[in-house]
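So the protein lines, in turn, are chains Y and L.
Going by numbering that gives the first Met the number 0, the first sequence opens with residue 0, and the numbers climb by one from there.
Going by numbering that gives the first Met the number 0, the second sequence opens with residue 0, and the numbers climb by one from there.
Derived by calculation from the structure, the hints in this document are not laboratory data.
Note that this is a predicted model, so its numbers are computed, not measured.
Note that the Cβ used here is the ideal one computed from N, Cα and C, for glycine as well.
Check before you lean on any hint, since a few could be wrong.
[Stated by the list, open to error] Distance condition first, Cα-Cα at most 25 Å in a straight line; then the derived DMTMM-like pairs of lysine to aspartate or glutamate:
#, chain 1, residue 1, chain 2, residue 2
1, L, K127, L, E102
2, Y, K213, L, D206
3, L, K159, Y, E97
4, L, K201, Y, D138
5, L, K127, Y, E97
6, L, K72, L, D92
7, Y, K306, Y, E541
8, L, K168, Y, E92
9, Y, K88, L, D80
10, L, K59, L, D80
11, L, K159, Y, E92
12, Y, K88, L, D179
13, L, K127, Y, D138
14, L, K201, Y, D81
15, Y, K245, L, D179
16, Y, K88, L, D206
17, Y, K88, L, D170
[As the list claims (entries may be wrong)] Coverage of chain L stretches by chain Y, computed from C-beta distances (three or more under 8 Å per stretch; other residues unrestricted):
#, region
18, 81 to 94
19, 109 to 117
20, 121 to 127
21, 155 to 166
22, 195 to 205
[What the hints assert, rightly or not] Derived Cβ-Cβ restraints for the label pairs, each shown as a range:
#, chain 1, residue 1, chain 2, residue 2, range
23, Y, A173, L, Q78, 48 to 58 Å
24, L, D181, Y, Q225, 21 to 31 Å
25, L, A74, Y, A216, 40 to 50 Å
26, Y, A409, L, T139, 47 to 57 Å
27, Y, Q225, L, A135, 39 to 49 Å
28, L, D51, Y, N174, 44 to 54 Å
29, L, T139, Y, A216, 51 to 61 Å
30, Y, G176, L, S141, 36 to 46 Å
31, Y, G31, L, T139, 52 to 62 Å
32, L, T139, Y, E502, 55 to 65 Å
33, L, D51, Y, D370, 51 to 61 Å
34, L, E200, Y, M71, 27 to 37 Å
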Amino acid sequence: MSTPKQITVTIDGKTCTGTAGQTILEIASAHGIVIPTLCYLKGLSSWGGCRICIVEIKGSPKVVPSCATPAMDGAEIITNSDRLIQLRKCTLELLFSERNHLCPMCPYNKGDCGLQHQGLAHGITGIRYQYLYPAMPIDLTAKYFGLDQNRCILCTRCVRTCDEIEGVHTLDVANRGIRNQIVVDLNATFGASDTCTSCGACVANCPTGALFDKAAAFRGPLASCQTVLTTCTECPVGCGLKVFTKENRIVNVFGDPDSPVNKGHLCVKGRYETWADARERITQPLVRGADGQLHPATWPAAIQRIKDTLAQSPDWETGLLVSPRLTNEAVQTVRKLADKFDRVAAFVAPYEAALCGQPEYAAPDSLQRLDEADAIIVLGARPSEDHGVVAARIRRAVRQRGAKLLIFHARKSGLDRYANICANVVSLERSFWKQVAETLADAQRPVLVYGPQAMSPIGVTVLERLLKSFEDKKEGTGPAVIPLPRSANSLGFGAAGLELLEEIGPWLDTKPMSFLCIVASDEPDGGARLLEERYVRPLLSEVDCLVVQAAYRSALTDMAQVVLPAVTWAEKFGTITNFEGRVLPVRPVLAPVGEMRDDQTILESVFA
Amino acid sequence: MNKTAKKPAKKPAAKPVAQPAAATAATPAKIKVATMWLSGCSGCHMSFLDIDERILELVKHVDILFSPIVDIKVADMPQVDVGIVEGCVNNTDQEHELKLLRERCKVLIALGDCAVTGNIPSLRNQFKLDDVLSRAYEQTESTKIPIIPHDPVVPPLRPKAQPLQEVVKVDLHIPGCPPDADTIWFALTELLAGRVPQLNEKNMRYD
Numbered sequence: 000m001s002t003p004k005q006i007t008v009t010i011d012g013k014t015c016t017g018t019a020g021q022t023i024l025e026i027a028s029a030h031g032i033v034i035p036t037l038c039y040l041k042g043l044s045s046w047g048g049c050r051i052c053i054v055e056i057k058g059s060p061k062v063v064p065s066c067a068t069p070a071m072d073g074a075e076i077i078t079n080s081d082r083l084i085q086l087r088k089c090t091l092e093l094l095f096s097e098r099n100h101l102c103p104m105c106p107y108n109k110g111d112c113g114l115q116h117q118g119l120a121h122g123i124t125g126i127r128y129q130y131l132y133p134a135m136p137i138d139l140t141a142k143y144f145g146l147d148q149n150r151c152i153l154c155t156r157c158v159r160t161c162d163e164i165e166g167v168h169t170l171d172v173a174n175r176g177i178r179n180q181i182v183v184d185l186n187a188t189f190g191a192s193d194t195c196t197s198c199g200a201c202v203a204n205c206p207t208g209a210l211f212d213k214a215a216a217f218r219g220p221l222a223s224c225q226t227v228l229t230t231c232t233e234c235p236v237g238c239g240l241k242v243f244t245k246e247n248r249i250v251n252v253f254g255d256p257d258s259p260v261n262k263g264h265l266c267v268k269g270r271y272e273t274w275a276d277a278r279e280r281i282t283q284p285l286v287r288g289a290d291g292q293l294h295p296a297t298w299p300a301a302i303q304r305i306k307d308t309l310a311q312s313p314d315w316e317t318g319l320l321v322s323p324r325l326t327n328e329a330v331q332t333v334r335k336l337a338d339k340f341d342r343v344a345a346f347v348a349p350y351e352a353a354l355c356g357q358p359e360y361a362a363p364d365s366l367q368r369l370d371e372a373d374a375i376i377v378l379g380a381r382p383s384e385d386h387g388v389v390a391a392r393i394r395r396a397v398r399q400r401g402a403k404l405l406i407f408h409a410r411k412s413g414l415d416r417y418a419n420i421c422a423n424v425v426s427l428e429r430s431f432w433k434q435v436a437e438t439l440a441d442a443q444r445p446v447l448v449y450g451p452q453a454m455s456p457i458g459v460t461v462l463e464r465l466l467k468s469f470e471d472k473k474e475g476t477g478p479a480v481i482p483l484p485r486s487a488n489s490l491g492f493g494a495a496g497l498e499l500l501e502e503i504g505p506w507l508d509t510k511p512m513s514f515l516c517i518v519a520s521d522e523p524d525g526g527a528r529l530l531e532e533r534y535v536r537p538l539l540s541e542v543d544c545l546v547v548q549a550a551y552r553s554a555l556t557d558m559a560q561v562v563l564p565a566v567t568w569a570e571k572f573g574t575i576t577n578f579e580g581r582v583l584p585v586r587p588v589l590a591p592v593g594e595m596r597d598d599q600t601i602l603e604s605v606f607a
Numbered sequence: 000m001n002k003t004a005k006k007p008a009k010k011p012a013a014k015p016v017a018q019p020a021a022a023t024a025a026t027p028a029k030i031k032v033a034t035m036w037l038s039g040c041s042g043c044h045m046s047f048l049d050i051d052e053r054i055l056e057l058v059k060h061v062d063i064l065f066s067p068i069v070d071i072k073v074a075d076m077p078q079v080d081v082g083i084v085e086g087c088v089n090n091t092d093q094e095h096e097l098k099l100l101r102e103r104c105k106v107l108i109a110l111g112d113c114a115v116t117g118n119i120p121s122l123r124n125q126f127k128l129d130d131v132l133s134r135a136y137e138q139t140e141s142t143k144i145p146i147i148p149h150d151p152v153v154p155p156l157r158p159k160a161q162p163l164q165e166v167v168k169v170d171l172h173i174p175g176c177p178p179d180a181d182t183i184w185f186a187l188t189e190l191l192a193g194r195v196p197q198l199n200e201k202n203m204r205y206d
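One chain only, chain Y, in its complex shape (with noise of 0.2 Å):
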């Protein structure tokens, strides 16, 4: 590959230099001279449509789009002259007249559009021609966002962060002239949409107030809010996260754009759920007083009472239990206080014991080969639902590059409709195989991405069967192995050599256990998943003192003798480990309000 050749223009009369190729726009950006802009974006493809970054080049009558129009070299750029101050403005003020841009009454956060500021930077107070006042739908179907016509400048960076950064394409324009809009799908709401993932980041990409996150809205300005970048920990991607707060609430939380592992796009997992759900909170320690209630109790008195309970009945046989949400620090605290108990153990997806127990096989550069990947097989695992940011990734390497995508699983899941091939781990024939070898008979690096079900006996033999496949090739070399487990922080948990459930029911039934202290920290549901297992909640009430440590009400801490209050991934300190070995801080975002305190905090004083 012959180096870009370099080139040299004259941007408002100063030297810049540039490769060929390179636009306007990112010369004169790198050279820090600032063209406004409404429609770009960085990292997304060039539009061109909102004509507010146009430029003159000296010898041509026309003006030009700098994002959009690559730099020649000698090139004489002008970008501020009265002409062209003169354009801008026009195009704004036809802007502000095309659609109802009435600021007061904006969802969204005040401040932060970038309409109100190049109309406000521009000196426009009032606009010379006529509004039109066109009457626009609002299509709020959406669980955690809304779309609102009347605001929209159609600059498409949302059509073009849906097809480039989550792949899904949801979003398109239709309709010609003044009837341009953005639709979802082919003209359906966000609510009856089969292809939106709800990653929301439509919304985080969108200049003015048409798509408007329904939690963040009027909540204040962006600007004026603090902002602290930790790691999400609701699935094992560990996607770096920023998050704006203002006096001690969650404003908003978008993609860190420098995180390494998710470049700034999230799924909704962290862009929502991790937040913008209503649930209850415990805020204070619960104990089951003699009337069979839980009532609320001072941290003293409840250690107190699960001390006594102990001291009472030191031939009790004990157990811990702690969810795989935990930091590495909560899992040393865990390990360290593993003597005081019978039995301790962490509860994991079904399968994904013998997964995370491999953390050796983590790569770092899991995410990377990806997005290079020109053949990708997914087995046992399901992207789209548990981890929306690499499905991401595998949806723009099919979409974007072509890659050929396999995927082998017994549940449906949404990657289905972008694979090649999609099979059911149940039922393979010798005629699918061949069909298999064919549609890799090209791959150059391929990847195969394993979850927990490919530790079922079929998706070992399926695995086997696969990677057999690939030593039969002649040609090309073996697949990249990404293992994808689904809980949060599993690979911390394997790499501290603690016990992995799969299913928890044996493990309370080998021994009828008298004590349990259940550490479900800020899972969303409180712990209450466990209780879906079958016979698990007959052999939880069977045991004489339960103790659940949750950041929330569930199920599961309605059941137990003491609850305490837990905090969540908000206010915890620490760090975990991802799915490619990486380990990611884990910062305190809020300051707890109440009585909560971190898990390795309620274990010491507890049991220490």
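Use these hints to put chain L onto chain Y, whose structure you have.
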């Protein structure tokens, strides 16, 4: 409110004082000002009064001759130098009033978002006028006797609520809901100094 409201009414009695350098050249007399309240919430007038004690400085240079806080009939509207209008043009009476002010003032200022963009009163523009009236007077949950007002004394609504510049020529727009008192003060002092106020991101807002 009461304290500040009294002041302009008192002022015409006070004898004219020498104009400082800020006043328009060659006009020793005070600048005559009219303020008008059309379809708006009066918030812009409130924000105007929010210039606080600076109003004492202002009344040294201006006489407010016509205003919601001056007891005077529309028909008696005097000739003024500056007309400041809050709110948009919603009914035929307001249209008449605005056109009259335009005839009788030299500089017309649209104050606030309703006067500049139509703002909240213009939300009805998305619907047919009949539907708007029916919703307001016949269909609301609290309606006991559904009657759309039809007395000739009640001025009929125009088909659309419009910002000022769609009805008359406007010389200066001051957006904001309401504009900050500082923005209003800046605009007025600039005018008094004989300059066209230059509003930009530092001294105005839209919300």
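(message) For a quick check of understanding: which of the numbered hints are violated here, in increasing order?
(response) Per hint list: 1, 4, 9, 18, 29 violated.
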